[in-house]
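Number of protein chains: 2
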Amino acid sequence: MYLRFALLKTNPLKATHKQQLNKIRMKKTVNKVSKFRMQLMLVALILPLAVIGQEVGSMERLISPEIADDNTVTFRIKAPKAEKVILSGNWMPMVPNDGMGMTRETVELTKGENDVWSTTVGPLEPELYGYTFVVDGVNTLDTANLMVARDGTFRTENVLYIPGEASELYWAKTGPKGTVHQIWYESPTLDQTRRMYVYTPPGYADSNENYPVLYLLHGGGGDEEAWPTLGVANHILDNLINSGKAEPMIVVMTNGNPTQASALTVSPKLEPSTQPAGGMANMMFEKSLVNDVIPYIESHFQVEANKENRALTGLSMGGLQTMNTSFENPELFDYIGVMSMGFADLSRFGIEVDHSKRGKQIEALKAADPELYWIACGTDDFLYQSVVDMRNELDKHDFDYTYRESTGGHTWSNWRIYLSEFAPMLFK
Amino acid sequence: MYLRFALLKTNPLKATHKQQLNKIRMKKTVNKVSKFRMQLMLVALILPLAVIGQEVGSMERLISPEIADDNTVTFRIKAPKAEKVILSGNWMPMVPNDGMGMTRETVELTKGENDVWSTTVGPLEPELYGYTFVVDGVNTLDTANLMVARDGTFRTENVLYIPGEASELYWAKTGPKGTVHQIWYESPTLDQTRRMYVYTPPGYADSNENYPVLYLLHGGGGDEEAWPTLGVANHILDNLINSGKAEPMIVVMTNGNPTQASALTVSPKLEPSTQPAGGMANMMFEKSLVNDVIPYIESHFQVEANKENRALTGLSMGGLQTMNTSFENPELFDYIGVMSMGFADLSRFGIEVDHSKRGKQIEALKAADPELYWIACGTDDFLYQSVVDMRNELDKHDFDYTYRESTGGHTWSNWRIYLSEFAPMLFK
Chain H
1 MYLRFALLKT
11 NPLKATHKQQ
21 LNKIRMKKTV
31 NKVSKFRMQL
41 MLVALILPLA
51 VIGQEVGSME
61 RLISPEIADD
71 NTVTFRIKAP
81 KAEKVILSGN
91 WMPMVPNDGM
101 GMTRETVELT
111 KGENDVWSTT
121 VGPLEPELYG
131 YTFVVDGVNT
141 LDTANLMVAR
151 DGTFRTENVL
161 YIPGEASELY
171 WAKTGPKGTV
181 HQIWYESPTL
191 DQTRRMYVYT
201 PPGYADSNEN
211 YPVLYLLHGG
221 GGDEEAWPTL
231 GVANHILDNL
241 INSGKAEPMI
251 VVMTNGNPTQ
261 ASALTVSPKL
271 EPSTQPAGGM
281 ANMMFEKSLV
291 NDVIPYIESH
301 FQVEANKENR
311 ALTGLSMGGL
321 QTMNTSFENP
331 ELFDYIGVMS
341 MGFADLSRFG
351 IEVDHSKRGK
361 QIEALKAADP
371 ELYWIACGTD
381 DFLYQSVVDM
391 RNELDKHDFD
401 YTYRESTGGH
411 TWSNWRIYLS
421 EFAPMLFK
Chain F
429 MYLRFALLKT
439 NPLKATHKQQ
449 LNKIRMKKTV
459 NKVSKFRMQL
469 MLVALILPLA
479 VIGQEVGSME
489 RLISPEIADD
499 NTVTFRIKAP
509 KAEKVILSGN
519 WMPMVPNDGM
529 GMTRETVELT
539 KGENDVWSTT
549 VGPLEPELYG
559 YTFVVDGVNT
569 LDTANLMVAR
579 DGTFRTENVL
589 YIPGEASELY
599 WAKTGPKGTV
609 HQIWYESPTL
619 DQTRRMYVYT
629 PPGYADSNEN
639 YPVLYLLHGG
649 GGDEEAWPTL
659 GVANHILDNL
669 INSGKAEPMI
679 VVMTNGNPTQ
689 ASALTVSPKL
699 EPSTQPAGGM
709 ANMMFEKSLV
719 NDVIPYIESH
729 FQVEANKENR
739 ALTGLSMGGL
749 QTMNTSFENP
759 ELFDYIGVMS
769 MGFADLSRFG
779 IEVDHSKRGK
789 QIEALKAADP
799 ELYWIACGTD
809 DFLYQSVVDM
819 RNELDKHDFD
829 YTYRESTGGH
839 TWSNWRIYLS
849 EFAPMLFK
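Just so you know, the protein sequences line up as chains H and F, in that order. Residue 345 in this note's numbering is what sits at position 345 of the first sequence, and the numbering runs on without skipping anything. Residue 459 in this note's numbering is what sits at position 31 of the second sequence, and the numbering runs on without skipping anything.
Chain H with its partners taken away, still in its complex shape (with noise of 0.2 Å):
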């Protein structure tokens, strides 16, 4: 149940993750902490030296989370003292609580030898998922799992990756490889030197061709750095293109906040933006994605600079942002994809709609005739009735758009599936 951390960096080869796993599994070893000598010796006769050269720590480490070939996973936690310890995942249903919300079901773990607690949930399907600890009420992380995610403003969390079909694009594969730049823009606009990510596809840097350009934002609470982690939009694009499903594109992932210039664990000393606050409602974002992104993108990347050759899409308020972008440069997109995110009533906030303005709005850019307005939506997202609005009010323009239901609510599972479908309908 233990690994010692040594063993960790036995070779790997020839052996799979998991086999190797087993294998370790298999040397059952001993709980005990510190004797830091003796344990670098051991370490040392193993793998020559390889322990120095970071500082030193805890030479032992649970296995956790621990996945059988029947995709069922163990979570394990050493707790000495706690009275109670729950796993709380992203693929446990939501169920409605005592006051008017819905809370995310938990499973209790329980107190096995060493003061270990485990717990054995699943099969899972294969996916990409969040989970924490909670011990005695305390949030608590992983120890045991290096990877880690956070999303956005909202949470860090452990990542669990079950292997599959269904998240086969989720992640490196054998291959060519695009690669992904972190990039820092002037935006007169917003009056900020600001971050984003942009991915190559493979391929690109050896290539003297023109590529398309898909501009992929993020929703509210996210910055530049969800799609490149939590959205792995990366290992996505690598896996269509080099399958062919996809053609060979630059994606843009910018910060959508247009108050901050990067992801705000980039810098606490970043000069805020001298701009007015209101992130979604003043249209600034919108207006420094045409006049501060595509010109940078377009004069710095090996880019086909046209309308056939743009796509955008986003989720929630990257969604919202992409119908406001598309909507007041009907001719700058041939590709619109908006994701998790419809008409919303925003009355009840003082936000009137101008509905003539949006009349003209969806006639300018019917005219403008682009090759796909697509619309993706999960059938338990809170947001599922402001798209029924949404394709109710395109309707009566007779507006031509493709409609994407899927099951399932306002998840980043759901945002990498658009994702993958979305990107190869596009430049074809």
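Rather than coming from a laboratory, the hints here were simulated on the basis of the structure.
Here are the computed lysine-lysine pairs in the DSSO-like style, where the Cα-Cα straight-line distance is at most 27 Å: (1) Lys287(H) with Lys357(H); (2) Lys84(H) with Lys512(F); (3) Lys111(H) with Lys509(F).
Assemble the complex: chain H is given as a structure, and chain F must be docked to it using the hints.
The following block gives chain F in isolation, referenced to the frame of chain H:
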């Protein structure tokens, strides 16, 4: 002490981060979970729609860590049933434990209102620190702090940045910034498609000039993400270059583990290398650096491809690899830096040093006459004696080197400082 999530998203307009936190702290809000709809309403009133767009989680968050003007720091964690909560931070001294080794000193938190435990420490010197909580024996990240970093395969920690002169280089400041590229390249030597990070300096994208290159190696247990995250190499270089202290240069950060294609968090499904085990002893990484990495960089980037414009440095395991590579290829680099590593006595691990071969290597490198051979080590480093031995052996050959002795040990604090001092000496 709590801040509602929505308030995190108010406009930082004309307020520093700290001023804003002060403002927020004054609005004392109550600790109440759930009632999602009501909170969404509240959020929406403050910032229309901005909360929409991610999976929805808890809407409140403690403020932790809170840095006061005098650099004392208050840590907080809610733990309703805990008997003992401690803080472990890497600014605290190591003290002998009851075994044979050393243990880091910790601080106990005390329980206050609403089950919130807290402690105030410091004032702390300006620096980047790592810390975790231990709640009744369970390692626990500070979920109020979104800044989290992975220290190789060792651990995941929260990050605490104390601003001040000594840490000014470690963050994105106003001004031009370089680009960080996550690149996959073919390594015939290791029979892998491998990942590396490449930093290009401010202005690179708009320049036709050729640049010098620094190859920057991590330590054992680390990977290609070590220098760009814990090492903040891109921020250090941006700030040194922007202030005129260092020449604009490209920095290449590889994965120094020859059996790994990339950080293990990137893909549990990557094909393992077909190379024999060993890691450090087999010289395979060093061969791949010379045969695969350098040619890739010199053919894909705007590079001055000659000895005068090549530098190599690394810490610990990367220091050994730096020595190995420069001894085997004396004509390749004009600038060589060995951090926290010397001529270690490996005989107890069955590795005998061929002293006559080493003597010839030293003489060959001496004949190649590099501009700079720099050795840096902390007085508390557990490899300190190996550096003494190295200097003695180099002295025997009248080999010209510069020695930098710092306080402290085998720590990222020292390695950031060393990079800050090494980079300005290059390519001048």
